[in-house]
Amino acid sequence: MDSFSTSELLATSPILMLSLFSLIAMLANALLKNSAKAVFGVSVVGIIASVICSIYTFDEPSLPQTAFSDMLLIGGYASFFSVLFLMIALFSICIAKPYLEKEQYHFGEYYVLILIATIGMLVLGSAADLISIFLGIEIMSVSFYVLAGYYRSKNSSSESALKYFLLGAFATGFLLYGIALIYGTTGTTNLLRIVTMYPQVFFDPLHLIGWGLILIGFAFKVAAVPFHMWVPDVYEGAPTSVTAFMSTGGKAAAFASFIITFSVPMSMHDERLTMVLAVLAAGSMIIGNWFGLSQTNLKRMLAYSSIAHAGYMIIGIASGLPLGQQGIAFYLVAYALTNLGAFGIISMLEGENGSNVNYEYYAGLGKRKPGLAALLAMFMFSLTGIPPFAGFIGKYYLFASAVQSKLTWLAILGVITSLFSTYYYLRVIVFMYFREAMDNTEIVLPRLAFVTVILCGIGIVLFGVFPSLIFDLMKSIF
Amino acid sequence: MNNILTYTLFSPLVGILLLLFINKEKQSLIKYIGAGTSIVTFVLSLFVYFGFDAANTQMQFVEQYPWITGLDISYFVGVDGLSILLIVLTTFLTPIALIASWDSIKDRIKEYVSFMLLLEVGMLGVFLSIDLFLFYVFWEAMLIPMYFIIGIWGGKERIYAAVKFFIYTMAGSLLMLIAILWLGYYASTLPGGYFTTNLLKLYAIAPSIPMGIQVWMFLAFTLSFAIKVPLFPLHTWLPDAHVQAPTAGSVILAGVLLKMGTYGLLRFCLPLFPLASFQFTPLLATLSVIGIVYGALVAMVQTDVKKLVAYSSVSHLGFVVLGIFSMTEEGVQGAVIQMINHGLSTGALFLLVGMIYDRRHTREISQFGGLAKVMPVFSTLFMIVTFSSIGLPGLNGFVGEFLILLGSFNSLFLGSYVYAAIAATGVIFSAVYMLWMCQRVFFGKITHEENRSLLDLTKHEIAVMLPIILFIVWIGVYPSTFLKSSAASTKQVVTQMQNAKSGNLTPASVIVK
Chain A
1 MDSFSTSELL ATSPILMLSL FSLIAMLANA LLKNSAKAVF GVSVVGIIAS
51 VICSIYTFDE PSLPQTAFSD MLLIGGYASF FSVLFLMIAL FSICIAKPYL
101 EKEQYHFGEY YVLILIATIG MLVLGSAADL ISIFLGIEIM SVSFYVLAGY
151 YRSKNSSSES ALKYFLLGAF ATGFLLYGIA LIYGTTGTTN LLRIVTMYPQ
201 VFFDPLHLIG WGLILIGFAF KVAAVPFHMW VPDVYEGAPT SVTAFMSTGG
251 KAAAFASFII TFSVPMSMHD ERLTMVLAVL AAGSMIIGNW FGLSQTNLKR
301 MLAYSSIAHA GYMIIGIASG LPLGQQGIAF YLVAYALTNL GAFGIISMLE
351 GENGSNVNYE YYAGLGKRKP GLAALLAMFM FSLTGIPPFA GFIGKYYLFA
401 SAVQSKLTWL AILGVITSLF STYYYLRVIV FMYFREAMDN TEIVLPRLAF
451 VTVILCGIGI VLFGVFPSLI FDLMKSIF
Chain B
1 MNNILTYTLF SPLVGILLLL FINKEKQSLI KYIGAGTSIV TFVLSLFVYF
51 GFDAANTQMQ FVEQYPWITG LDISYFVGVD GLSILLIVLT TFLTPIALIA
101 SWDSIKDRIK EYVSFMLLLE VGMLGVFLSI DLFLFYVFWE AMLIPMYFII
151 GIWGGKERIY AAVKFFIYTM AGSLLMLIAI LWLGYYASTL PGGYFTTNLL
201 KLYAIAPSIP MGIQVWMFLA FTLSFAIKVP LFPLHTWLPD AHVQAPTAGS
251 VILAGVLLKM GTYGLLRFCL PLFPLASFQF TPLLATLSVI GIVYGALVAM
301 VQTDVKKLVA YSSVSHLGFV VLGIFSMTEE GVQGAVIQMI NHGLSTGALF
351 LLVGMIYDRR HTREISQFGG LAKVMPVFST LFMIVTFSSI GLPGLNGFVG
401 EFLILLGSFN SLFLGSYVYA AIAATGVIFS AVYMLWMCQR VFFGKITHEE
451 NRSLLDLTKH EIAVMLPIIL FIVWIGVYPS TFLKSSAAST KQVVTQMQNA
501 KSGNLTPASV IVK
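First to last, the sequence lines map onto chains A and B. The letter at position 90 of the first sequence is residue 90 when you use our numbering, and the numbering goes up by one with no holes. The letter at position 270 of the second sequence is residue 270 when you use our numbering, and the numbering goes up by one with no holes.
Next up, chain B with everything else stripped away, as it sits in the complex (with noise of 0.2 Å):
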């Protein structure tokens, strides 16, 4: 079990090297095999989380092997509280997303696995790297599956959404390089420094940065994040990558793709430049209650329900960035728990969209209607799903949203509660376009006569579901499971900003070999 992370990361390319041999005719078998092997990957990945100490705030299952000895680069992975839950809904929702496109996917079968499961590699890649060399290599690698996914299985723009997905990302990805390449040589100018990428090397020299040239460290990374998150005003290839993408990339793509973003600011954009974030907390919350609101608005006027729940993302993820830039212990662990609600009822929505679009072929709201009656067990599902995403008390999405609002109202490093209270009406506006879209999608009468003969869920798309809201459910009604594994880890970033902000951190000014 030493080498758990590493197994658990490279897991699923075992299942690329047996499609390699496999005859692409033979489109059950390759099913299985992706199915299969995203299944043994959460397997692994269960044993790192009930292996991991949620009480220890170092990072665990350490490893480390020299990679590139020049520039001190290496291969190191480790978990923490920050990044263990993001593993497992990693793991969790692949199976669930290529389970979920068994039939809806009749075309270059073999291929679209094997994308998929690239796509697990980087993102767990992305989560577990401790070099920002090794972070960076998954960082952009993992666009390459991401942009075969949307520009072959995707929609009518395909092409256009796929590479403005690709070309905005690596915008904000290449000038990190940038960042990450001086933060190395800066280690190297320190009394007997060397060019490093070791985060945790960083982690104790970065924060002694001078402040003219921490800002554009943290400007570098921010806005390589910011595009990810993505964050007012830098959202816009959001719509257009998810309305888009196939089911299941869109189910990736909100569920754990997004997650990348804020992750990032939490592990990176804060402890490393703390002083830098003081000074933009300001600009970044502003953007992200614009972001709530906005989001939330524009959702309201859409007619498609894939732009809809596209629209309700931005606003979602203003929520995380806020609970991030609140700096308190609540609003961070709102943030890391929202991140996860998010992840699991976005990706459930975009799940029981396509359910629909594979049968009807067609996402605009007014052609649906009375749908309750036709299809109960979908509609009861739905409704489920879009009170978690409302953040109803009992199911998962009020426990972050509460969180973050309660940290960001008593938040010193925000300053006011103007933030929070404009936030908390993005809480109520969600709840008037979710609302607002099932009442017009589920009741009322049958208006279109196609959808009197709409099939109700099959046991197999049941069966994807229930996972979700089994999860769903559990989160909202017993949260601490989850909050447990990320509390120390959490306590810690607030704590380091905190004595930053009083100026009682002692950033060492030499580094460690």
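Pulled out of the complex, with its shape left as it was, chain A reads as follows (with noise of 0.2 Å):
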């Protein structure tokens, strides 16, 4: 084993960073009374400083490739979801701050478990070893767990972070085990090494075995059918911060490491998996859109939602084309910014205990709040997939990768079931604009809240318009 050099320190910055303010916030935490804001700043400072680093590494020819023995990938594709990934934790804490403070629940914890959420992210988005994606996955996890029970107090949160949490825990044990076939059969975790050996292992029985668990894994973790049960009852009970962060973070970083890790077996154009993917992308658009159109609770239908917008990636990975990673990647983008947006109002209308989640409290706002109301319809529009929202791009890319790959039969059972979706995501707007409201209290909205919310209303205007500008970003890294 090779001891490292600077350089894979310089190429690893990105999480190094980031753990070393999420440090200095834990220390805060501890030394300062009414810490909370201070370590706000930190992360806040933190999270900057990472992304500054992720785009150094972005395009730096001195850097290597690969760091510490081929088991983390540097530049280029890792450092593009390192920004998605850093974004996202730094708008979900800004939609937090105030939503914490009115639930008195403002404490330095919860940013520091952000915090170590995002290194797990990074960690997993730039993992090219099936160590390296395992020890992602459980720093994230964890951290998922802890943050989904943070409001202790209450049945609904603790029941999600239990949920949660055994039924992660299942999903762990899946992934683990397939490591090792997978191990038993190639004598290497390394995902570069195990290409190498293709095909005489490939068509080992216990090899494929090996990948339908690691499948069953990552299926889990971005909430696609049938190991989708968790998905409504932990982001219902969880903080509406929480679920924004886990429901585009924990996606997003989940579906970087999918992309990678299946680009291994896809590469042998077996039948079988592609067949097995599609099966998995039809089931989550059918189910989650169906279980969407009953819901009459915000964040559960987000929740339905989630398992379907699940469903339209894995048809990206099922089509085994660069053009479909590129859709996934984009889509990430779209769908975080989208969801990002609509918990982000969510947590600001929501009322004590969970209150006013419902669609009837959405009645009229489109009069009381007109900002606020226009920015819910856009992200509506936008998971509707309408254009000129970002959410239609995505989409385009990749039923266009379905069609390509022969795949045609699910592009078509993805517009039927965006059909669906249609009449949910328009009730939403229906509420809002076609009804009368039923109390006119005066609502207030907080600023920084507020304007991470028209920033994410900016951005799918935006890249649905001038997608090129992510588009261009990509060319390089797939």
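Calculated directly from the structure, the hints in this document are not laboratory data. Glycine residues also receive a C-beta, built at the ideal position from the N, C-alpha and C atoms. Please note: incorrect hints may appear among the correct ones.
Said to hold, decoys possible - Looking from chain B toward chain A, a few residues come up when the C-beta cut is under 7 Å (computed): (1) Ile39; (2) Val43; (3) Gly151; (4) Met170; (5) Leu181; (6) Tyr185.
Unchecked claim - Below, in silico cross-link-like pairs of lysine-lysine (DSS-like), each with a Cα-Cα straight-line distance of 30 Å or less: (7) Lys201(B) with Lys406(A); (8) Lys367(A) with Lys373(B); (9) Lys26(B) with Lys369(A); (10) Lys106(B) with Lys156(B); (11) Lys106(B) with Lys307(B); (12) Lys307(B) with Lys369(A); (13) Lys406(A) with Lys102(A); (14) Lys475(A) with Lys307(B); (15) Lys367(A) with Lys156(B); (16) Lys24(B) with Lys373(B); (17) Lys369(A) with Lys24(B); (18) Lys102(A) with Lys37(A); (19) Lys369(A) with Lys31(B); (20) Lys445(B) with Lys367(A); (21) Lys367(A) with Lys106(B); (22) Lys369(A) with Lys164(B); (23) Lys164(B) with Lys367(A); (24) Lys373(B) with Lys307(B).
Please assemble the complex out of the two chains, which come individually in their own frames, going by the hints.
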């Protein structure tokens, strides 16, 4: 084993920088009184520092391609996703601060946990080895379990945490078993080296079972059917700002790694594997959108929509084409902006004990808070996939990849289920604009969260009208 | 003047930007900005119209900028004879609709004007795009403002109507999206090919798509357009949307939106999939003839004037589809001019219905009677528009219907004069339901006391109506002014179809860079 070099330290600087700041945050939390605000500040600085490091590593020729004996990928792909995760973390804490203050649960631990979860995501996004993938997933998930139960005196929050933890631990077990089988058949856990053993090893049944088990682990993390049971309850019970972070960051990180990991077995163009992925995608689109129809609670509706969107993105993996992978990456950006914005709005309007998250409460919002309603309407249109919002471009790429890889039926299923989803996304708009308000108490919007949500809105229009801003970045990395 | 199309297309956005900075209490300023912007757009479109070379069948005023290079998607706009009149119709009707709703919309005026202008961008974009992706973006994006216009300012059942409108249209267009993707993919399978949605490149290669797949492509596109037209039996969203929409919404819906369906058939279905078009001609012709008769019969039994006009649209648009699928020069020409005619006369009818509704807050035919005595100007204008709608010679409706019937009577593609014969009965039915309605509304004794005190049209209202009446008469008396701008392009489409029929069409098997 070589000892590592300074260039490797530089190359992994996004992760190291964020780790450093999470330690500072932890110390500040322990040493200062009324530390929450200070910890918030430290977190923001840490995230921005890490973003700068990620941008530095994006296209720096002096850096190695991989670090720590091929455990981590450097630059390009990893940097792209690092920036995405860090921005999600930044936006989510900007939404969280006023929300937690309102709920009188504003403690520094929250930000520390978010930072640690983000470290897990950064590891996951750059992992090139099954071990580092496992590490990343665990760092991220364990923080999520705690965050979900952050409202420790509320039953729903504790229920959410326990459910998530038990099922999550189970899924991790599958993942680990899968890793063991892959190691058993190939003698390595490194993705770059597993490929070199193909095609001989690929058809070993144990090897295939190993991939199957890993797939279960990923399917759980991205919330794909039939491993989606936890999603509605966890999303509903967790604090709204946590749901915002989990549903965007957690999903994005899992997908970033899902793409890389499954590019290994997908390189064999095995029809069975494509079929399994396609069925996973189809099931998620159908179940997610179908159950979305009957929801009356916005958080639960977005939970089912999250399942459905996992389905759309798995299409990109099933296609096995760079086009599909680019589609997923773009979709993740669009989805993150949309969901952060939507959950941000929900968190601003949420009342005591998780009240005011039903559709009824949104009646007449178009008149009460025109700006807020307009933004939420935009997010709903983006989730539906209506141009000129970013969600449409993402769907276009994913469906294009399905058609190109002769999975046209999947694309057709995708558009049909989109049509179902239209109904429940539009319902939000129906309530906001076409119904009269039931109570007209003044709504006070916290400035920080509102600005964040506006930025999300600008983002989905900007990337919807000028998608090349992102696709040009991606040319070099897929 | 190089970017005249872009200026025309996006000029309404300037108005919306201005509105963002204006306090919502300043209602009349907001209205002036709305009307002013849409008039500027109209003037810009006139530059296009007068600069348009009617003899040239190529796309004109073309602008192309790369947009998403990875999939060869570009911002690619242009006009030809098929779209030029529709563009002017759009820019002509939008200010009229805005001015007509000057007093009838009192709530959330800022949003209302913004949505109307946004709608105009969407409609113009649909007619101007020559990239399928761009076309689809406008086609879908346009749903948003229309959805809000029906849903916020509509009648009692507006929510149901708005959602139905949105989901119906979306259902069709999503399958079209798959077809667009498949076309792009097909281009990439050709030697040296690559994924593209450039319409001009696809025109060259699409006809060579194997018949088995071409059929599916054709059906996916046609379903989307047929819902929009709407073709029988996909028309059920239309009466709901029309009746619930506010007057200006109905004017735009009938005047322009429905034309997007017929325009789509002409622009995409025929030239891209000629062989499949031949195969489905009998089906589509049959459906349009059923639509003509069915729409007319249902209109006859309506008790609500607005619903009656809505069903008459189903009937009139059936003529347009029949004209398109006759694939003869007369038929297609007639279809193009009938799109304009229907936009003018049905738009005018909705305006007039809106004016009487503002006064009486009812549209039930039985609530009226003898209006000619109390509202002479209103009644006169209504009668003129009615005559135009039923195709009285000398007014515009006659020109379109006559050409369509002529074209479909002689059409080799339809193969039978039966279609034209049955369609002709639609002309008679339309006279029956329109005149019968007029008789009950305007003539006879005044049966309801409330009607005695009705005020006749104001100057403002007359000013809104006169430009439309002018064109109704102009097209009726001297149609060549307008026919000549679409003649060359329709001829080209028809020639292409004839070549395809006789097997002379040699589609390119290699895609041009």
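Comparing the hints with the structure gives:
A distance limit of 7 Å between C-beta atoms decides the matter here; for Ile39(B) the minimum to chain A is near 25 Å, and the interface restraint is violated. A cut of 7 Å between beta carbons decides the hint on Val43(B): the least distance to chain A is about 26 Å, and the hint is violated. Look at Gly151(B): its Cβ gets to within about 5 Å of chain A, closer than 7 Å, so that hint holds up. The criterion of a C-beta within 7 Å of any C-beta in chain A is met by Met170(B), whose closest approach is roughly 6 Å, and the hint holds.
Proximity of Leu181(B) to chain A holds as hinted, the smallest CB-CB distance being about 4 Å (cut-off 7 Å). Taking 7 Å as the C-beta contact cut-off toward chain A, the hint placing Tyr185(B) at the interface holds, the least distance being around 5 Å. Taken as a hint, the Lys201(B) and Lys406(A) pair is honoured in the structure, with Cα atoms around 23 Å apart against an allowance of 30 Å. With a C-alpha separation of about 43 Å, the suggested pairing of Lys367(A) with Lys373(B) is violated against the 30 Å cut-off.
In summary, the hint linking Lys26(B) to Lys369(A) is supported, as the alpha carbons are separated by about 19 Å, within the 30 Å threshold. Taking the CA atoms of Lys106(B) and Lys156(B), the gap is about 16 Å. The hint holds against a cut of 30 Å. The hinted pair formed by Lys106(B) and Lys307(B) meets the criterion: a straight-line CA distance of about 24 Å does not exceed 30 Å. Our distance criterion of 30 Å between C-alpha atoms is broken by Lys307(B) and Lys369(A), whose separation comes to about 35 Å.
The hinted pair formed by Lys406(A) and Lys102(A) fails the criterion: a straight-line CA distance of about 51 Å is larger than 30 Å. Restraint check: the Cα-Cα separation between Lys475(A) and Lys307(B) comes to about 54 Å, which exceeds 30 Å; the hinted pair is violated. For a cut-off of 30 Å, the pair hint linking Lys367(A) to Lys156(B) stands: about 19 Å separates their Cα positions. A hinted pair counts as satisfied when its Cα atoms are at most 30 Å apart, and Lys24(B) with Lys373(B) does not qualify at roughly 41 Å.
Distance hint between Lys369(A) and Lys24(B) is fulfilled; the C-alpha atoms sit about 14 Å from each other, no more than 30 Å. Between Lys102(A) and Lys37(A) the CA atoms are separated by roughly 14 Å; this keeps the pair inside 30 Å, and the hint holds. With a CA separation close to 23 Å, the supplied pair Lys369(A) and Lys31(B) stays within the 30 Å bound. For the proposed pair Lys445(B) and Lys367(A), the alpha carbon gap of about 46 Å is over 30 Å, so the pair is violated.
For a cut-off of 30 Å, the pair hint linking Lys367(A) to Lys106(B) stands: about 14 Å separates their Cα positions. Between Lys369(A) and Lys164(B), the direct Cα distance comes to roughly 26 Å. Compliance with the 30 Å bound is thereby established for this hinted pair. Proposed proximity of Lys164(B) and Lys367(A) is supported: the alpha carbons are some 23 Å apart, at most 30 Å. The straight-line distance between the Cα atoms of Lys373(B) and Lys307(B) is roughly 25 Å, inside the 30 Å bound, and the hint therefore holds.
In summary, the numbered hints that this structure violates are 1, 2, 8, 12, 13, 14, 16 and 20.
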